[in-house]
Amino acid sequence: MKLATRNQATFLRTDLARALAQEAFSDSLERRIDQLPLEFRPKNSSRTRCCIYKDRAILRYRLMALLGHAVENEQDETRSLASYAKETLEYDSPPEASLTILDIACSACEGGKHAVTSLCRGCLARPCSANCPKDAIHFINGKAHIQPELCINCGKCRNVCPYSAIVHQQVPCEASCPVDAIAKNEEGIAQIHEEKCIHCGRCSRACPFAAVMERSSLIPVIERLKKNSAIAMIAPSIAGQFPGGLGRIITALKYLGFSAVMEVAAGAEKTAKHEAQEYLEGEQDRPLGTSCCPAYVQAVKKHIKDFLPLVSTTPTPLAYTGAEASKRYPNIPRVFIGPCMAKRDEAREQKSAEFVLTFEELGALFLARDIEIETLDESEPDWSAETGKSWEFAVSGGVAANVASCLSQQGREAPPTRFIDGLDRKGINLLRTGASGKLGNGLWEVMACEGGCLCGPGTVGNPKIARKALDEVIQNHSPSNDRV
Amino acid sequence: MRTIVVTVCSGTACYILGGSDLLTLRDHLEEPYSRHVMLAGSPCLNRCKDRSENKRPPYVTVDGKVYGNMTLETLVKTVQSVLDAS
Ligand code: FES
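Note that the protein sequences, when read in sequence, are chains A and B.
Residue numbering for the first sequence follows our numbering, beginning at 1 and increasing consecutively.
Residue numbering for the second sequence follows our numbering, beginning at 1 and increasing consecutively.
Think of the hints as simulated: they come from the structure by calculation, not from any bench.
If you're wondering where the values come from, they're calculated on a predicted model, not measured in any experiment.
Mixed in with the good hints there might be a few duds.
As the list claims (entries may be wrong) - Derived CB-CB ranges, DEER-like: (1) S83(A) with S34(B): 52 to 62 Å; (2) A97(A) with N69(B): 26 to 36 Å; (3) D50(B) with K143(A): 35 to 45 Å; (4) T3(B) with R47(A): 53 to 63 Å; (5) C51(A) with T71(B): 23 to 33 Å; (6) T3(B) with K351(A): 53 to 63 Å; (7) S34(B) with Q475(A): 24 to 34 Å; (8) S118(A) with T3(B): 17 to 27 Å; (9) K65(B) with A125(A): 57 to 67 Å.
Even glycine gets a Cβ: it sits at the ideal position worked out from N, Cα and C.
Given these sequences and hints, build the entire structure.
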């Protein structure tokens, strides 16, 4: 099951971020933040959970995450949000880890288990119990029952039941995670295991209760926007995330307080050229994996170490853009704005950006400042790609297409290419096999999100509509004056 | 069946809060309904500032009437029932 791009849960998250940002922009954060849960769920309002008090408690935790705090670490339930806000303002840096679980929002989904449904006929053959290696199936009143303490979830009973009466109840977050980094603890509450987590963000999208949240950098970024001291580095997937087209989005970013706007697509041009060169010079008997998707690179580092030597060492589009930004605007904080939750690891490790925001968070900033993007004039970016081609990095197939086009400019043939479009369990296994050399050579383009960055967990635009907007940029893109 | 105009608000608030999903309406309408719909985007309909309960973006007008808090499913249903009644 796929939840719509935007739903009630994402609405609430964005609207709360909007309210928080509004207070931060008007210097009233500490004074007002403890009011927000009450204003969002006033007395006599309708409620989502059992009562407005629980709703408010959850809103409090959402605000903590938006302030950048880890909800799991809360020691003192009576502590005011104002004191958390104060800490955020003083700390003034991006939070360390990226995801946090709102344990009281987690509904402790029943699941991960096998269960017998009412379809059970209590047949004579009873293949379920005959095939159970743990003797976990017993019959009560002629119907099968699984004893949970014995069941090891092997699924044999489910496969042999002639009535399909046995189901495997999935926990959405667990099922979505390709590396088993999220699992329920003894209390049934989901927990993220940082040593395994690749920050792909799948669980945050899969959870119907929106209980997995990002620890946001909104507040420290807003503080810099107020001083007009921040560089926006925009990912190519920004096309179609907001109305009005690229030129107007750039104007809107300047209205917010960004002093310069740089296209990460310009960095992507360099990545493509360099990666093409690396391919030509590399050992042609083994695969070369692309380097730009940080969730997949994390997956390789944490889970598929054999593939690590095959990952391209070419700097990512963000690495190039970040380097250019610090050359042009030394000491001004750089903010990468993209669809990605994993980019934060990359930005920190490679020091390519001081802060990372998602499009959803940027959207909340636009709302907080009442910016009507579609009514603005268009502006040019301060650093831009030479052509629209590299904007294709935003979609699956686009990175390989750019590398191929660099090679063809040198009169070389396109390399044989394998696409891993969406890093699920199958994709992970493919990388494992690839590392052993059994799948041959060529370029391997890996995107952790199916469809590419345009479908990332931090997006707000419908992928199909966004794709149209992206194509427009690709076709009509001209380099800014600054470039020519 | 009449042909009706469906206007999806593409102001900043509506677009971010789900409006862009609604722009795919045509993919989710069956015949004969889809032939009787003219789909258009529109700048901010000036409804988004109203934060009273149960009213929220994204806003859409269907045959001149404004609806808030729209999802693809509710939009498809609304369009069908307006067309059925026409
Ligand atoms: S953005 Fe739709 S009503 Fe304002």
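Structure-based check of each hint:
no. : hint                            : in the structure
1   : S83(A) with S34(B): 52 to 62 Å  : holds (55 Å)
2   : A97(A) with N69(B): 26 to 36 Å  : holds (34 Å)
3   : D50(B) with K143(A): 35 to 45 Å : violated (54 Å)
4   : T3(B) with R47(A): 53 to 63 Å   : violated (41 Å)
5   : C51(A) with T71(B): 23 to 33 Å  : holds (26 Å)
6   : T3(B) with K351(A): 53 to 63 Å  : holds (58 Å)
7   : S34(B) with Q475(A): 24 to 34 Å : holds (27 Å)
8   : S118(A) with T3(B): 17 to 27 Å  : violated (48 Å)
9   : K65(B) with A125(A): 57 to 67 Å : holds (60 Å)
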